[in-house]
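Those protein sequence lines, which keep their order, are chains P and V. Each residue of the first sequence is one higher than the last, beginning at 1 in the UniProt record's numbering. Each residue of the second sequence is one higher than the last, beginning at 1 in the UniProt record's numbering.
Hints listed in this document are in silico derivations from the structure and should not be mistaken for laboratory results. Treat the hints with caution; some may be incorrect.
[Unchecked claim] Here are the computed lysine to aspartate or glutamate pairs in the EDC-like style, where the Cα-Cα straight-line distance is at most 20 Å:
(1) P:Lys300 / V:Glu137
(2) P:Lys176 / P:Asp231
(3) P:Lys300 / V:Glu132
(4) V:Lys310 / V:Asp402
(5) P:Lys300 / V:Asp128
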Amino acid sequence: MVTMPARPTIRQPRPWSFPTGATTTLDNGLKVIVHELPGQYVVSVGLLLDVPLSSEPADREGVALLTASTLTEGTHSHPGTTFTEAVEASGAVVEASVGYSHVHVLADVPGAHLRPTIRLLAEAVREPQLLDADVERHRILHLAQLEQQLATGSGRANHALRRALVDPGFRASRAKHGMPGALAEVTGADVRAHHAATNGPRGSVLVLSGDFDQGVLDEVQAAFGSWENPDQRSVAHEVPTARARGAWLIDRPGSVQADVRWGWFSIDRTDPRWPDLQVATNALGGAYLSRLNRVLREEKGFSYGVSLVNSPLRSGGYTYTHGSFRNEVVGEALSLMPSLLDVAADPVTPDEVARARDYLVGTTPLRYATASGVTVGVLSLIGAGLGPDAVEKQLEGYRRVTPDSASAAAAELVAIDAGSLVVVGDAGALEGPLRAAGWEPTVVPAGVWI
Amino acid sequence: MTTAVPLGYPIHTQTLPNGLRVIVNPDHAVPFVAVNLWYDVGSRDEEPGRTGLAHLFEHVMFQGSANVASGEHFNTLQASGATGNATTWFDRTNYFEAVPAGVLDLALWLEADRMANLLPALTQENLDTQREVVKEEKRQRYDNAPYGDTIDHLLALAFPPDHPYGHTVIGSMTDLDAASLADTHAFFTTWYSPGNAVLTLVGDVTAEEGFAKAQAYFGGLPSRDVPERAAVEPLAPHTGVPRTVTSAPVPANMLYLQWLTPPRGTRAADAVDIALSVLGATEVSRLYRRLVRDDASCSGAGSSSVPLVKGNSLSLAYARALDGQDLAAIEEALCAEVARLCSGGPTEAELQRAHIQFEREWLAECARLESRADLFSGYATMFGDPERVNRRIVEYGSIRADEVREAAETWLRPENRAVLEYRRGPMGPEQW
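Isolated chain P (complex conformation) (with noise of 0.2 Å):
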C-alpha cells in the first residue's frame, strides 16, 4: 500500500459574484441585458417572449408549439431553408423552443459573427414565413417525436405525472402537443394567427452574454430598435393548483423495469420556502449518498440511481422521486421510499443542511461560467418572475436554511402521507406488488391516456 500524505482540509475560494448584467430598455420597451463575460469566445444571445401556453386558444393547444418550431424555417428576408443556411454560414446555431410560461428563442455563435446573427434572430421573430407546408411538417415531426417518447418508459412517465399532479382545468396538467389529437386541428392559419397575436416587444428580454466589441447595443438598436406590433395581446400567466391525490399503474407489456415517479404537486422560485426544500431535496434524494440513492442504489443495488426532483413552474412546481427498478424489487422499493422521506421520524440534520446548501451555493458559479449558461440561466430567471438580484438571493436563501426549516418544508411539501404515484411497467407483474406495498392503483392499460 502506497503511504498517502495527510488528508487535505478546504480553503475558502476567493469571493465570487454573479456577473451583473447592463440593462437599458429600447424606445419599443424591449429590455436588453449585456453581459459582458472576457475569454468567452462563443457569445450566446437569448429572447424571451412573454408568452404562456395559456395564450393558446382551448381548441388549438399545440400551436405555441408549431408556431416556434416554424420560426425558424424561413423569413420573409430569407425564404425558406435560405434561412438556415445563413445562419450556419455565420457558423450560429438558432433554436426555438416553448416553455409553459414563455417562448425562448436561442443563438449561440462566435463572438466575431454576432451582427448577422443578431439580424437573423430578429427576423425569425418579426418576420417569419410560417408556411402551410412548413407547419404541416413540424406538425408531423412532432407527432412522431411524442410516439417516440412514449415509447419508452421513462417518457410514458413524465407524461403521466404532469397529469397526474396538476389540476386538469390548467394548461399545464398537458404536454406541450396538448391532448392526444390536438395537434391534428392546428393549421398554418392558425399558427400565423398566434404569432401575430403574441409576437412584439412588450414583456420581451434580449439577453446576451460573451466576449463583446464595444457597439454590441447598436447591433441590437439596428436589429430590433423598429419591432412594433400593435396587436400584440398580454396574456395573464396561469396559477394551476393540485389535481386529487392518485395512484395510476401504467401498463407497459413486457417491461424489465418499472418507471416510478411519487409526486406531490409543490412550490416555485418565488415562494420563501423555496431555499428549504432545495436544501432538503438535496439531503433526501440530490446528493449521491442522499437518504434515498445510499439506500435503494449504494446498499440494495435496486436501481442505477434514484433522485427527488423539485420542477417549478412560473406558479406553483412538482416535487418527485425518479427512479426505475427491475420488477422484483419494486415492491420492496416503494415500501422503502417513505421511511426514508420521513423527515418527522428523522428530521434533516445539521449535517446534511452544511452539505446541501455548501454543494447548492458552491457549484452555482460553475453553472454561469460560460456565456450561453449566463444567458440560458438568466433568461430562466426572468420567466420565473424573478429580477436581476434573484442568483444572489438566491445564494442568501441558501445560507439561512436550518435544519428546523429544511425539515418543516420538506414535511409540508413533501409528505409521506399524501402525494400521487405513477408507475410504468408490466401491469401482470406489478400490481400485486404495488398492492402488497399499500397503493390501491388504478391500471390503466397502454393506450389510455389518465
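Once you've looked at the hints, dock chain V against the given chain P.
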C-alpha cells in the same frame, strides 16, 4: 468565412518520474478548477467472456480506497461544492470533477488514493452491489428502451466477435455475472497505473501550483509497466452489402447504412467527417432535404459516427421512416445522395458551413472548463499531443473540397455499406 486561427490556451505539461503525464491550463475567470483523469483503457481491452468489465470497474472506483470510505469520494466532493462523474467508452475511461479552487488539493488526494490504494477496499460486497447497479443501468438504457440494442447490431455488422470493438461497452448480462473479484483486482493492477494515465487541471491554478500538487499527491505512487497492446489492423471495407434485419416493438422503422472509415485523429477521418456533415448534420443537409422535405417519407434523416482510435471508425447514415413508407425506396434514396457526394463532392458553401460550424462547436467545447480539460486529456492520451486542441480549428478548416470528395469516394461508396433495418414489430395499442 471561417477565421481559422489557432486557439491560444496556454498548455503546460510535465511527466512525473512514475510516468503520470500532467497538463495544466491556467484560466482564472471563475474560482474553479476542472480535474480530469483519462486512463488509457476501455472496453476494447476486455478479455473474451469478460465484456463490461471496464465499465463495471469504473463503478467500483467510487466504492472507496484505503483512506476513503465507500461512496465518500463523490459525496465529499459534492458537499464541497463540486460536480463530477466518470464514463467508460471503447477507447478510454475518464474520471472528472469541477471543484472550487480551495478544494483542488482534496480532489487530487482522493484521485491519488484510488489510483494508489484501491484494492484494500475492493471487496466482494462492493463488487456485487455495483454489479446489480450496472445491470440496472443496462436495463434502463438498453434492454427496456426502444431501439436499445441498435449498437449491438451495428457492432456485429462491423467487427468480428473477437475484435477489440466487437462488443458493447455495457457488456452482456452473462459476462457481468461472471466477473469475479479476482478479475477486477487484475484489471486494476494491469491498467490503473500512473504511466497509463493523464491528469489535466484547467482553471484557477497556476502551472507551478498544479505541478507541485500533482507531485505532492501522485509523486509517491510507484511506476508500473503498461502492457504492450497488439496493433489493431484496419478492416477492409464491407463487401456484398451485409445486412441485418431485426424487429421489435418500436414506434417506427429505422434504417442505418454503415461504413468502416479511417480511425480518429487522421486527416482522412476529418475529410470523412465533413462528408458526413454535408450529408446529414442538420435540417438543411442533403439527407434531410431529400427524405424529410422533398420525399416526405421520413420523420428524420442524418448522419453520425462512432469515432474509434484503433484501425477503423464507424460512419453512419440513417433515416426514420414515416408509417407506410417503403424502406427499400428510402435506402435507394439514401444511397443516391451518398453517391452524388462521392462523385461531385461538396459545394463551396457546404464546405464553408461545415468548417465554421465545427469552429463554433469546438469553441463551445473549449468554453467549459470541464470539457476543455477532457479534450486535453484525450488528445494527450490518444495522440500524445494536447497542443493539438489549440490547432484543431485550423486543421479541420484546412480540409479542401476535393479531399472531401475523395474521402467520400474512398470510404463511403454505397457498395461498401452494411445495412441495418430496424423494423417496427407489434406495438400493442397506440400509446394515446
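The hints, checked one at a time:
A distance of roughly 14 Å separates the Cα atoms of Lys300 (chain P) and Glu137 (chain V); the hinted pair therefore holds under the 20 Å criterion. Our distance criterion of 20 Å between C-alpha atoms is broken by Lys176 (chain P) and Asp231 (chain P), whose separation comes to about 24 Å. A threshold of 20 Å between alpha carbons decides the hint, and for Lys300 (chain P) with Glu132 (chain V) the separation of about 8 Å falls inside it, so the pair holds. Taking the CA atoms of Lys310 (chain V) and Asp402 (chain V), the gap is near 26 Å; set against the 20 Å cutoff, the hint is violated.
Restraint check: the Cα-Cα separation between Lys300 (chain P) and Asp128 (chain V) comes to about 10 Å, which is no more than 20 Å; the hinted pair holds.
Hints 2, 4, counting from the list given before, are not met by this structure.
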